[in-house]
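Undergrad: Produce the entire structure from the sequences given, and follow the hints as far as they go.
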Amino acid sequence: MEKKAKQLRIALRNCGVIDPQKIEEYIANDGYNALVKCLTEYSPRDVIEQIKKSGLRGRGGGGFPTGLKWEITANSKSDEKYVVCNADEGDPGAFMDRSVLEGDPHSVIEAMAIAGYAIGASNGLVYIRAEYPLAIERLKIAIEQARAYGFLGKNILGSGFNFDITLRYGAGAFVCGEETALIHSMEGLRGEPTFKPPFPSVSGYKGKPTNVNNVETFANIPVIINKGAEWYASIGTERSKGTKVFALAGKINNVGLIEVPMGVTLREVIYEIGGGIKGGKKFKAVQTGGPSGGCLTEKHLDTPIEYDTLIEAGSMMGSGGMIVMDEDDCMVSVAKFYLDFTVEESCGKCSPCRIGNKRLYEMLDKITKGEGTKEDLELLRNLSTVIKDTSLCGLGQTSPNPVLSTMDNFYEEYLEHVTEHKCRAGQCKSMVHYFINPDNCVGCTACARNCPVNAIKGERKQIHEINQDICIKCGACLEKCKFNAVFVK
Amino acid sequence: MERINDLNSFKELQKKIKADKISLNNEKPLIIKIAMATCGLASGAGNIKEYFEKELAKRNIVAQVISTGCMGYCFAEPTVEVIKNGDEGTIFGFVDTAKVDDIIDNYIVNNKAIEGVIEKNYINVNNL
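Residue numbers (my numbering), protein chains in the order written: chain A, 1 to 489; chain B, 490 to 617.
Hint data in this document are derived by calculation from the structure and do not stem from the laboratory. One or more hints might be untrue.
Said to hold, decoys possible - Distance condition first, Cα-Cα at most 20 Å in a straight line; then the derived DMTMM-like pairs of lysine to aspartate or glutamate:
hint: 1; chain 1: A; residue 1: K6; chain 2: B; residue 2: D495
hint: 2; chain 1: B; residue 1: K505; chain 2: A; residue 2: D30
hint: 3; chain 1: A; residue 1: K282; chain 2: A; residue 2: D302
hint: 4; chain 1: B; residue 1: K500; chain 2: A; residue 2: D30
hint: 5; chain 1: A; residue 1: K281; chain 2: A; residue 2: E268
hint: 6; chain 1: A; residue 1: K22; chain 2: B; residue 2: D594
hint: 7; chain 1: B; residue 1: K507; chain 2: A; residue 2: E24
hint: 8; chain 1: A; residue 1: K37; chain 2: B; residue 2: D495
hint: 9; chain 1: B; residue 1: K609; chain 2: A; residue 2: E272
hint: 10; chain 1: A; residue 1: K37; chain 2: A; residue 2: D19
hint: 11; chain 1: B; residue 1: K505; chain 2: A; residue 2: D19
Said to hold, decoys possible - Just some of the chain A residues that point at chain B, by a computed CB distance under 7 Å:
hint: 12; residue: A28
hint: 13; residue: G158
hint: 14; residue: G256
The beta carbon of each residue, even a glycine, is placed where N, CA and C say it ideally should be.
TA: Right, here's the structure in full:
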């Protein structure tokens, strides 16, 4: 069994294993060993060299080499620098960072102190959404314990290195996961992005050099220091090293949190670890990268999971949300769902994102209502490209991706919606009609009794009929019928 | 808790914590881990922990009941891992109070194999 295991847990090594509220349990599993090693054996340059050699790339989704980011921040001259942990996890269906903070907060604290040592910062900030109360509570307890042992504070381990961490709460705005918006939010300003460069590594929080890393990126750091950069670089593929945590969700049997070495295929993740599609239905697509990502299909199932291959396939790694869809999911509705999210979360600063996404949403809405035309499809594609090219920050530059990738992979489904006014998944309510099959109806009256608008007529033990003019397509009759007499067309 | 001021005192602390753990394991203790992240708590892991503690006390069984973070098996919350006689541990899913009784009476006391086991499908870097 051990040999066949597809998962390797590095970032999740202590999640579900130790009591996160006891620092001793963390220390028993080599906790704070890496910080001590850095302070006693390595110069800050050595630490950066190790991280660079490990090949670790940002796990928040961007995939920027972590060691390089540290080096740039270390090279920026300033009297004060900051280490920021981005815990503003906001993709729908993603909960990797929350799990790490709730299950192993010390690994993040230790890594932030290591980063502080490497870049020359004595202040750490965790930007965490207030919607994660348990993660905040456990992080607070962990910080207190680390201070008591002297892993945080002044003159850590007698090395002369000072470092402490404070928490900053976010109100749960998606755009605040973008590092410049995150920094502005911490400064007490509106959570709006600004143009890069200057990058935060040069001018960030309060205008000082700031190193922003994601929770999962930090969780990998202590293991890299303890086991060595070569060991870490031996896991994964040539351009993507180490492991990645994914939150498996959607129409999959084993919904859960997994961690796999880079380079395993989507098929292995969905069918072997995830246990396949719920109810034995047919796989249709998997959405990765959240609202910035795209949908991958059957033909991508054997694609190895890497930063670059996923981008080539028309999606992206993202922070690790993976939503599996089956034959009952309508791809136009899926695109509409993500656009609805983006419209809600757009900060409104730049017009392509503020107005463009709203128009995209309206067009998709029109198509799902059966009122779309072929011209709309053309317009959808054009507008998507314009939004991508002209938006200020990553949110707008990627928000049309769900539209483009579903159009690329499921164009025939879009066409059906506009030419035949048909939704093959039966999701677009305005295009489907409910009927009763007279051969199966026994006249039990269950459907008529449960119809909220009294659209079903028929005497007891007589065949029932649905009045299409009154029917609101709620599906209650289909659910209640025990004789398979109600069908959708 | 004493502040660690140099490398030696850290090594001492590490040694002490690890030694405590080994001596505990030599006595072959019973460890019950309950996944209590937001997901577990939302599915009732808090009640399961209380029930475990109550039922173990009732039967005079000595055990460490530990609340951990997420074990990753969201589809089967609440999840519980039972480590007995220093073994690798067995994870049970969909644990309710009836399952707790089943685990204590049959799995722990009578050493019988019971249903509801979730296969551990990963390698942990801590064990490499």
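Undergrad: Against each hint, give a clear statement of whether it holds in the structure.
TA: Going through the hints against the structure:
A threshold of 20 Å between alpha carbons decides the hint, and for A:K6 with B:D495 the separation of about 40 Å lies outside it, so the pair is violated. Of the pairs offered as hints, the one joining B:K505 and A:D30 holds, with about 13 Å between alpha carbons and a cut-off of 20 Å not exceeded. Taking the CA atoms of A:K282 and A:D302, the gap is near 16 Å; set against the 20 Å cutoff, the hint holds. A hinted pair counts as satisfied when its Cα atoms are at most 20 Å apart, and B:K500 with A:D30 qualifies at roughly 11 Å.
Using a Cα cut-off of 20 Å, the hinted pair A:K281 and A:E268 holds, with the two alpha carbons roughly 17 Å apart. Taking the CA atoms of A:K22 and B:D594, the gap is about 30 Å. The hint is violated against a cut of 20 Å. As the CA atoms of B:K507 and A:E24 are separated by approximately 9 Å, the hinted pair is consistent with the 20 Å bound. The suggested pairing of A:K37 with B:D495 holds, with an alpha-carbon distance near 12 Å, which does not exceed 20 Å.
With a C-alpha separation of about 13 Å, the suggested pair B:K609 and A:E272 falls inside the 20 Å cut-off, and the hint holds. Between A:K37 and A:D19 the CA atoms are separated by roughly 24 Å; this puts the pair beyond 20 Å, and the hint is violated. Taken as a hint, the B:K505 and A:D19 pair is honoured in the structure, with Cα atoms around 18 Å apart against an allowance of 20 Å. Taking 7 Å as the C-beta cut-off, the interface hint given for A:A28 holds, the closest approach to chain B being about 5 Å.
Checking A:G158 against chain B: minimum C-beta separation of about 5 Å stays under 7 Å; hint holds. The closest approach between the C-beta of A:G256 and any C-beta of chain B is roughly 4 Å, which is under the 7 Å cut-off, so the hint is satisfied.
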